[in-house]
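Heads up: the sequence lines are chains A and B, in that order. Residue numbers for the first sequence follow our numbering, beginning at 1 and rising by one. Residue numbers for the second sequence follow our numbering, beginning at 1 and rising by one.
Since the hints were derived computationally from the structure, they do not count as laboratory data. Here the structure is a predicted model, which means the values were calculated and not measured. Cβ coordinates follow ideal geometry from the N, Cα and C atoms, glycine included. Check each hint, because a few of them may be wrong.
Output of the computed footprint for chain B on chain A, the stretches with three or more beta carbons under 8 Å from beta carbons of chain B [said to hold, decoys possible]:
1. 69-79
2. 89-100
3. 144-150
4. 184-191
5. 237-245
6. 310-316
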Amino acid sequence: MSKVLILAEHDKGALKKVTLNTLAFARQYVAKFGGSYDFAVLGHNVGAVATALQGFGAGAVHVADHADLAHPIASAWGKVLADLAKSIGADVVVGPASTTGKDVLPRTAVRLGAGMASDIIALTDSGAFARPMWAGNLTGNVKISTANKVISVRASAFDAAEATGGSSPIQAVAADPALAGSRVKFVSFDGVQSSRPDLAEAAIIVAGGRGLKDRFGAVTEPLADVLGAAIGASRAAVDDGFAPNDYQIGQTGKVVAPQLYFAIAISGAVQHLAGMKNSKVIVAINKNADEPIFKVADYGLVADAFVAVPELTAQIKALRG
Amino acid sequence: MKILVSAKRVSDPNAKLAIAKDGKWIEGDVEYILNPFCENAIEAALQIAEANDGTETVAIGIGDDETARFIRQGALARGIDRGILVSAEEETIDSDLIARIYAGVVHRESPDIVLLGKQAIDGDSNQVGQLLAEYLGWPQATFASKIEVADGKAIVTREVDGGLETLEVTLPAVITADLRLNEPRFASLAGIMKAKKKPFDELEIDDLDLDDTGTKVQVVGLTTPSGRKAGVIVKDVEELVQKLRSEARAI
Numbered sequence: 001m002s003k004v005l006i007l008a009e010h011d012k013g014a015l016k017k018v019t020l021n022t023l024a025f026a027r028q029y030v031a032k033f034g035g036s037y038d039f040a041v042l043g044h045n046v047g048a049v050a051t052a053l054q055g056f057g058a059g060a061v062h063v064a065d066h067a068d069l070a071h072p073i074a075s076a077w078g079k080v081l082a083d084l085a086k087s088i089g090a091d092v093v094v095g096p097a098s099t100t101g102k103d104v105l106p107r108t109a110v111r112l113g114a115g116m117a118s119d120i121i122a123l124t125d126s127g128a129f130a131r132p133m134w135a136g137n138l139t140g141n142v143k144i145s146t147a148n149k150v151i152s153v154r155a156s157a158f159d160a161a162e163a164t165g166g167s168s169p170i171q172a173v174a175a176d177p178a179l180a181g182s183r184v185k186f187v188s189f190d191g192v193q194s195s196r197p198d199l200a201e202a203a204i205i206v207a208g209g210r211g212l213k214d215r216f217g218a219v220t221e222p223l224a225d226v227l228g229a230a231i232g233a234s235r236a237a238v239d240d241g242f243a244p245n246d247y248q249i250g251q252t253g254k255v256v257a258p259q260l261y262f263a264i265a266i267s268g269a270v271q272h273l274a275g276m277k278n279s280k281v282i283v284a285i286n287k288n289a290d291e292p293i294f295k296v297a298d299y300g301l302v303a304d305a306f307v308a309v310p311e312l313t314a315q316i317k318a319l320r321g
Numbered sequence: 001m002k003i004l005v006s007a008k009r010v011s012d013p014n015a016k017l018a019i020a021k022d023g024k025w026i027e028g029d030v031e032y033i034l035n036p037f038c039e040n041a042i043e044a045a046l047q048i049a050e051a052n053d054g055t056e057t058v059a060i061g062i063g064d065d066e067t068a069r070f071i072r073q074g075a076l077a078r079g080i081d082r083g084i085l086v087s088a089e090e091e092t093i094d095s096d097l098i099a100r101i102y103a104g105v106v107h108r109e110s111p112d113i114v115l116l117g118k119q120a121i122d123g124d125s126n127q128v129g130q131l132l133a134e135y136l137g138w139p140q141a142t143f144a145s146k147i148e149v150a151d152g153k154a155i156v157t158r159e160v161d162g163g164l165e166t167l168e169v170t171l172p173a174v175i176t177a178d179l180r181l182n183e184p185r186f187a188s189l190a191g192i193m194k195a196k197k198k199p200f201d202e203l204e205i206d207d208l209d210l211d212d213t214g215t216k217v218q219v220v221g222l223t224t225p226s227g228r229k230a231g232v233i234v235k236d237v238e239e240l241v242q243k244l245r246s247e248a249r250a251i
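Same shape as in the complex, but just chain B (with noise of 0.2 Å):
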C-alpha cells in the first residue's frame, strides 16, 4: 500500500500578522509551523503504514525551500519514507490550483490514500481534500477522527454537525484529518538524522502535465477586522446579572 501525505507550512497563528504593501498576503517574516492538521495527517499515515507492513509513505508540500525545509523536518523526521516538492509561489495559487498539482503527483505516484489536513489554518479554505477527490472520482471521508484500514476499504468516523458519522470507503480514496484523530509524535533525534538522507523530488508544475495552471479565485485584498474592545469587570454575580438585565438588556 502507499500513501500520500500533505505538508503545508502555514504562520503561527499567535503571531503578529501585517498586510503586504500590495494588500493582497501577509508580509514575509513571520514564523511558521507545520499545519496543525497535516500533522494529524502525517501521524495517521505512519499508524496505517506501522499496522500494514510494506506500506510506503510519501509527503507532498507546494511551495519553496523553506516549505522543503517542512517536509523534511516536519514529515521526514518523523518517519515518512520520502517527500516530494513541486516548486510553487505559495502565495498566488488557490485551493483548486493545489488540487490539480496533488491530482498531477497522484497520477504518478498512484497511492491507495490520500491523507490531508482538513484545512490550512492560514486560507481556512477547506476544500483541496474534496475537489481533489472530485478530479480524481475518488470517494472522501473528511474532518476523520478515526480511521481503520482493512481488506482495500477504510472505515472512517468524521466529525459532522450533530455527531459523529461513520463512512465505508473503498480505496482508493481522500481523507481529510480531523485535530481529535491522533496525538501527533515528535520527530527523534535519530528521525532528524536520517531525515537528511530519505529520497526527496523536487518537481515544476511543468513536470504534472496539466491542462491549466491557472486559479480560479483571487485574493484581490486583505483588511483587519475592527476588533472589540474590552468591556467592564463585574465585582460580583449580583452586579453581572444587574447589568445584563439593565444595560445590556440580554436577559
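Pulled out of the complex, with its shape left as it was, chain A reads as follows (with noise of 0.2 Å):
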C-alpha cells in the first residue's frame, strides 16, 4: 500500500491543469500498487488552489500557506514538502515536469532518500517507470530501488484525470520555511503577457521557425487567433531573439502533445521533435521539402511560410464565418 503526495501546480492563485494530469498518473500508480493521494499546495494565498481540488478524490488537501513560499524557490519548497511527506507518512512523491517540478523535487527526494525518475510517461505493466531519454529516440524503464520514491510526470502523457466529486478536507501545514530559504532572495519575474492558452494546455499550437525572423509574431499570431491556439517556437527562433524562451519547444523545452499542431519554417531537428511528436495532428509548412519535419507530418505543405500562412488564416476564418 502506498501514500502518494501530489505536488499541486498554480499560478496566480489558480490552479493549472498540469496538476490534473499529474494526478492521473497517481491515480494509475494507486491502481496498481494500492493506497491512496493527497495532495499538497504550497504557496501564499492559495486557499482558492486547494478548494478546487477538493473534488477529485484525495484523502487530503494539505496546504502549506506562508509568505516565505509566495515563489517556489526549491531549497524552501523541498524542504517543506519533504517534511510534510514525512509527517503524512507518504511513500511516494509526484510533481508536474514542469520548470518548478524540476527545480523543487530532487531536493525533496534527498530529504526523503529516495530515489527520483523524471518525466515519466508510463508506468508499465512490470511496474516501471518508463521516460524518454535521448531526445525521446529511446525510451528507458527504470526501477527505483528505495522505499521512498520521488516522481515527476510528463504532463502531456497522461490526459487530465476528471474530478470524482465528494470533498477532501483541507488540512494546513505549519511550515516555516524561513531557515530553508535564507539564502536565497526572490528578485523579479518577467512575465510572458499572453491572453492566448498555455502551451501546456492547447488543444492548438501554432510553432514557427527561425525563418519568421521578425515577423515570427506577424506570421503566427493571426492564425493562432483564428484558432484559439497556443504559440510555440523553434529553439533557433528563440535564440535569435524572435519569440520569448517560454515558447520554446523542444528536448530542453516544453513538451506538448495538442490535438492539432503546426510547425511552420521548422526544419525540425532531432531536439523539436523530442518535444511535440506525439501530437495528434502535425501539419508543416516550409518551403524546403527536404527538411525532416516532413517526416513526422501528417499534412505536408512546401510553401513559403510569408504567403502560405496568411492565406491558410484567410480561409480558416471564412470557414468559421
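The task is to assemble the complex, starting from two chains supplied on their own in separate frames and drawing on the hints.
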C-alpha cells in the first residue's frame, strides 16, 4: 500500500491543468500498487487552489500557506514538501515535470532518501517507470530501488483526470521555511503577457521557426487568434530573439502533445521533434521539401510561409464565419 | 574565488543509436560530444573568472580515459585551469550517485560556485544540480540564462515556465546553465597545447569517503518508441484546409 503525495501546480491563485495530468498518473499508480493519494498545495494565498482540488478523491488537501513560499524557491519548497511527506507517511511524491517540479522535486528526493525518476510517460505492466531518454529516441524503463520514491510526470503523456465528486478535507500545514530559503532572495519575475492558452494546455499550437525572422509574430499570431491556439517556437527562433523563452518547444524546452500542431518554417531537428512528435495531427509548412519535419508531418505543404500562412488564416477565418 | 564546472560527454544527438545486448544502455561505438549544457557552464565559469581576478576554475568529469579526453579538450583547452576525473562506469551510475560524487569533490575543493549543465542530453534527467545543492545544503539557481557575481552573491536570471525569474543567491551556490546563457568559445590551438600540461587529478570513488556508493534508480530496459510515419504532401492551402476539416477533423 502506498500513500502518494501530489505537488499541485498553480499560477496567480488558480490551479494549473498539469496538476490533473499528474493526478492521472497518481491514480494509475494507486490502482496498480494500492493505497491513496493526497495533494500538497504550497504558496501564499492559495486557498482557491486547495478548494479547487477538493473534488478529486484525495484523502486530504494539505495547504502550506506562507509568505516565504509565495515564490517556488527550491530549497524552501523542497523542505516543506519533504517534511509534509514524512508527517503524513507518504512514500511516493509526484509532481509535474514543469520548471517548478524539475527545480523542487530532486531536493525533496534527497531529504526523503528517495530515488527520483524524471519526466515519466507511462507506468509499465511490470511496474517500471517509462521515460524518454536521448531526446526521446529511446524509452528507458527505470526502477527506483529505494522505499521512498519521487517522480516527475510529463503532463502531455497523461489525459487530465476527471473530478470524482466528494469533498476532501483541507488541512493546514504548519510550515516555517524561512531558514531553508534564507540564502535565496526572490528578485523579480518578468512574465510573458498573453491572453492565449498555455502551451501545456492548448488543443492547437502554432509554432514558428527562425525563418520567420522579425515577422514571427506577424505570421503566427493571426493564425493562432483565429484558431484559439497557443504559440510555440523552435529553439533557434528563441535563440535569435524572435520569440520569448517561454515559447520554446523541444527536448530541453516544453513538451507538448496537442490535437493539432502547426510547424511553420521549422526544419524539424531531433531536439524539436522530441517536444512535439506525440501531437495528434502535425502540419508542416516549409519552403524546403527536404526538411526532416516532413517525415513526421501528417500534412505537409511545401510553400513560402509568408504567403501560405496568411492565406491559411484567411481561409479558416472564412470557414468559421 | 573558485569555480567547479562539469564536463560530461554524451552521445552525438544525431547519431543512430543501437540498444546494447543487455538492453540497458546503448552500444559503445557511437560518436560522443561534450554535453552542450556543460559547454555553456564552462563558458560561464571562464567569463566569471575573467571578470574576477584570482579566480581558479576546475573541471570535473566522471568516467574513463575517454571522459578524461573530453575534460582536457572541452574544458582545459578552452581555458579552465585544471581537471579532475573520477573513475566510474558511466552506464551504471544514476543522477543521485553523480551528485554524491560531486559533493565528495566539493568537500575536497571547497569551491564558491558549482556550475553544471542543466541536464545531460543522453539521460535527460535534469536532476544533478538540484540533488547536489540539497546534499550540500546550498542554495541553487537552475536553468540560468544570465549570471552576475559580486560581493559573495550571484544574481541569476532563470528560464522558467511563463517567463524569466531572477534570484539572488548567497555563495557558495549551485548554478545550472541553460543554452541561452552564452555562446561557448572555441578552443584555440595554443589552448589545446597548453591543456596537455595543465594539472589533472584522477580519483577513485573510494577516495571521496562516500557513505554509500549504491544507486537509487536503475535502467532495467530500453525500447525504441514507435515512430511516426510521414503523411501526405498537399498541393496548396485549399487542399490543406479541406483535409484538416474533412479527413483529420482537426479544425
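Consistency of the hints with the structure:
no. : hint    : result
1   : 69-79   : holds (count 5)
2   : 89-100  : holds (count 3)
3   : 144-150 : holds (count 3)
4   : 184-191 : holds (count 8)
5   : 237-245 : holds (count 4)
6   : 310-316 : holds (count 4)
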